[in-house]
Amino acid sequence: MKKIAWITDSTCGLSQEFIDEHNIHVLPMIVNINNISYREDIDISKDEIYDLLQEHGEGAKTSQPPYGEFVELYKKLKDEYEIGIAIHASSELTGTYQSSVTASEMFEFPVEVIDSKIGSYALGKMIRNGIQFESEGKDHQEIVKILKTYPEKAEMYLLPESFEQLKRSGRVSTTQTIFANLLHINLLLRFYNGKILVEEKIRTKKKSKNRIFQIIDEAIKENQFKEMCIMHAGMKEKALKWKEELENIHEEIKIQVETLVPVAGVHAGHGTMSISWLKEK
Numbered sequence: 015m016k017k018i019a020w021i022t023d024s025t026c027g028l029s030q031e032f033i034d035e036h037n038i039h040v041l042p043m044i045v046n047i048n049n050i051s052y053r054e055d056i057d058i059s060k061d062e063i064y065d066l067l068q069e070h071g072e073g074a075k076t077s078q079p080p081y082g083e084f085v086e087l088y089k090k091l092k093d094e095y096e097i098g099i100a101i102h103a104s105s106e107l108t109g110t111y112q113s114s115v116t117a118s119e120m121f122e123f124p125v126e127v128i129d130s131k132i133g134s135y136a137l138g139k140m141i142r143n144g145i146q147f148e149s150e151g152k153d154h155q156e157i158v159k160i161l162k163t164y165p166e167k168a169e170m171y172l173l174p175e176s177f178e179q180l181k182r183s184g185r186v187s188t189t190q191t192i193f194a195n196l197l198h199i200n201l202l203l204r205f206y207n208g209k210i211l212v213e214e215k216i217r218t219k220k221k222s223k224n225r226i227f228q229i230i231d232e233a234i235k236e237n238q239f240k241e242m243c244i245m246h247a248g249m250k251e252k253a254l255k256w257k258e259e260l261e262n263i264h265e266e267i268k269i270q271v272e273t274l275v276p277v278a279g280v281h282a283g284h285g286t287m288s289i290s291w292l293k294e295k
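As numbered in the working numbering, the sequence shown has no gaps in its residue numbers, which increase by one up to the final residue, 295.
You can take every hint at face value.
With a straight-line Cα cutoff of 25 Å, these simulated PhoX-like cross-link-like pairs (lysine-lysine) come out:
hint, residue 1, residue 2
1, K295, K167
2, K92, K162
3, K92, K159
4, K257, K219
5, K255, K215
6, K223, K257
7, K240, K252
8, K268, K167
9, K252, K221
10, K16, K90
11, K235, K167
12, K295, K257
13, K252, K223
14, K257, K293
15, K250, K223
16, K167, K209
17, K17, K152
18, K221, K255
What follows is a set of in silico ranges between Cβ atoms, one per label pair, in the way DEER data are often shown:
hint, residue 1, residue 2, range
19, K152, E69, 40 to 50 Å
20, N237, K152, 19 to 29 Å
21, I97, R217, 47 to 57 Å
22, D93, I263, 47 to 57 Å
It should be emphasised that the hints constitute simulated quantities derived from the structure, not laboratory data. Built from N, CA and C at the ideal position, the CB exists for glycine as well.
All chains should be modelled from the sequences, with the hints used to inform the complete structure.
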């Protein structure tokens, strides 16, 4: 019987290659666009989701995997593994965490379910670190103890391209959108304690990008990380350009580029740019 079963959802941002290599059990989030439901990374790719958002953003939403899928997964894992570690997207944004907790309690299978309080790259990094600890011979209790410190160390900022999808998804009103567009206001959003909050309101897109780069620079000077990620909602070329610029400034930092997970991007909209890291101190 195998030792640890690793469980997560499709907000983890991990590559399919890594998922397959380490036999990670991933429950797909549901994305509904133009009254059609898709299972993320199964029926549709993240990039295809953002292509659809450009035409059919009105009413787009995401939802957690059906509860029955959690039950079936834990029923199966009980016979194959000794214990499980599940890390899910912020419980403030989706009910995935609570469904995982409830389903895991139905069977005599010890599972530690962790609320990452975030998603995308930082969530995936938590899982990658946990698997690394397992390969180093750390026991289950020690791994869980370390993983539970990570949610408070995760950082993620988002810079929506415009207010349009925020308006479509109901996050801001039409009046707010018109007012912001007239004044050329850009929102800088940040994950804080599991929620997405407005960190700053910035005039002009150039200043917004400069502010993002300043935040990264300050974090590097504080030795917060040696690896970070730039995420994009359908803007891969822009993300690669940011990566090139940042690597020229910070040669010592490893920078990844990923597609932003739709649980955040569906509300922030096509064109959103994001940065994230997991503090090492």
